[in-house]
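Number of protein chains: 2
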Amino acid sequence: MKIHPMWREYPALQTELEQVLTLIDQNITTNNVPVRDAILDMINAGGKMLRPAYCLLFSQFKQTDRHKMIALAAAVETLHTATLIHDDVIDESDMRRGLPSIQATFGKDTAVYAGDYLFTVCFKLLAGYASDLRSVQQDGKHMEAILNGELAQMSTRYNMAITIDQYLNQVSGKTGQLFALSTFLGAYESGNSLRFARNAQTIGLNIGVAFQLLDDILDYTASSSQFGKPVQEDMRQGVYSAPLILALREAPEAFAPYLSKRLKMTDDDAKAVDQLVRDHGGIVKAQELAKDYTDTALTAIEKLPDMPVRAILSQLTSSLLNRQS
Amino acid sequence: MKIHPMWREYPALQTELEQVLTLIDQNITTNNVPVRDAILDMINAGGKMLRPAYCLLFSQFKQTDRHKMIALAAAVETLHTATLIHDDVIDESDMRRGLPSIQATFGKDTAVYAGDYLFTVCFKLLAGYASDLRSVQQDGKHMEAILNGELAQMSTRYNMAITIDQYLNQVSGKTGQLFALSTFLGAYESGNSLRFARNAQTIGLNIGVAFQLLDDILDYTASSSQFGKPVQEDMRQGVYSAPLILALREAPEAFAPYLSKRLKMTDDDAKAVDQLVRDHGGIVKAQELAKDYTDTALTAIEKLPDMPVRAILSQLTSSLLNRQS
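For the protein sequence lines, the chains are A and B, in the order given.
Heads up: the first sequence at position 263 corresponds to 263 in our numbering, and the numbers run straight through without jumps.
Heads up: the second sequence at position 124 corresponds to 124 in our numbering, and the numbers run straight through without jumps.
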């Protein structure tokens, strides 16, 4: 079991995140050895565990049963892992979290069932630990919104007319809703009012969108500076993100010859697109957009009750959304 | 919308099954057109709808809110369809319900997400209409058991030493548990006691296992008589079912040269295996096993309260488990 080093600064949270991993391990009870190994490898590969972390943090505004909150944090991490595994099947990705992806190592069949199995583990944990049906209903709505985000993204692949609003809707779905579910569950299930939990949910949504925006920006800034050439696997697969979309609308005719090549795009083509994105202000504009969401989240966090966890939320969110890699 | 002609004999049930289909249609709200079309094509392809039918029948021992029961019946059909779609991805099946499968028509990506999307619709329906958390917890357990059945089947592919108990465990999982969930939900959610609902669950499990056994027997008897030659796609893919398993243990050395060819098995090899299965009594023994499960289910049905629905359950189960095609 390996916890991401970013949690060393928060030892109490780190201990609980370790308990989340242990509980997930205990819930992977299938006798199918490849599937079990595949899942456990991935769970223990040192992912950031941001979603369970936010769930646990938002549960600290009340004194509450920690085992229950750890189980719900495990449920959101399980759901997140299930979506990653199925995304890798669809993108035919060979790597995930620095390791070969499940579908690369064990094949597509194992990956499809491993994802499905994790969905059922998530379902079992949510149903087993939620305090009432409302909470489970809320989970169902979030899960549908997450899938709708994925599906919307799939249906706009290679669409050069994609608008920034369409992109933001997709990101709100696929990333935002899972963060929103995490903060909602943490707040609501620890005994806060529904009003407080809805506020937590909105904060989670904004953090999630800002986080995804930043991830998409780093795909441009980190890849060209650190590796010397743009990789841009998503772009080649037709998944256009904020920096490209915001630059593309300024000069569609400049991008068209490259993007229309789709999977046949060469490394030089990708470099040219990378340069066009910079030339047309795509990165700066996307950074401004990310800053809007970050500021909205941080302002709302500042209005939370004045307890030690508020400072942690503020510090974590600030460093997460201002990271350079 | 097309309901299987078998329901013409049961007009009240047929009407409710049509409402189940309408409700599923209304719940497929994704904007992703290929995924929506793919799911609706499959839902409306005239599948037997046995699981929702049993759910609805077991809800008729009490006067209850029909809309709620239709929603729960829709949940089980949605879950069943999700598992079929993912099974087709894994088996790379080109046909399903007499139509091209989703993965053949729309590709693997659409099929993976279409299945995932249906899982979330199922989750939403269960959480939205279940009467309490216990029921949702029960759903989670069934879903895990279904996946464990699929996973166990996957892990014994091409295993010539597979025992009939292993096979029955897998069938109890992948088919039995979904029937058991259907009858449990129908009984419990319509206001019967937990004891009554557990009995319904056991009946559902036995019906499900008998149904799968019969399906596996018909793969041998129907294919050779109706199409002139054995197809045996499952066997070539290493999924060994009761007739083969029961014959194989009598004369493993006779089967080995053919089965060891795996996917390279020719049509003549498949014919030879088909004949060996018959020669070693595989079909007769599997029929005896199916009869055991059928009789157990029918005997338990006879002990249910003497209401009109009992006669329907008895007649339906009897004809379903004695069908010739």
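Hints may be right or wrong, so weigh each one.
[Unchecked claim] With the Cβ distance kept under 7 Å, some of the chain B side facing chain A (calculated, not the full set):
1) Leu23
2) Asn27
3) Thr30
4) Asp37
5) Tyr117
6) Phe119
7) Thr120
8) Ala311
Please keep in mind that the hints were generated in silico from the structure rather than gathered at the bench.
Cβ coordinates follow ideal geometry from the N, Cα and C atoms, glycine included.
Status of the hints after comparison with the structure:
no.: 1; hint: Leu23; verdict: 15 Å, violated
no.: 2; hint: Asn27; verdict: 9 Å, violated
no.: 3; hint: Thr30; verdict: 5 Å, holds
no.: 4; hint: Asp37; verdict: 11 Å, violated
no.: 5; hint: Tyr117; verdict: 5 Å, holds
no.: 6; hint: Phe119; verdict: 6 Å, holds
no.: 7; hint: Thr120; verdict: 4 Å, holds
no.: 8; hint: Ala311; verdict: 35 Å, violated
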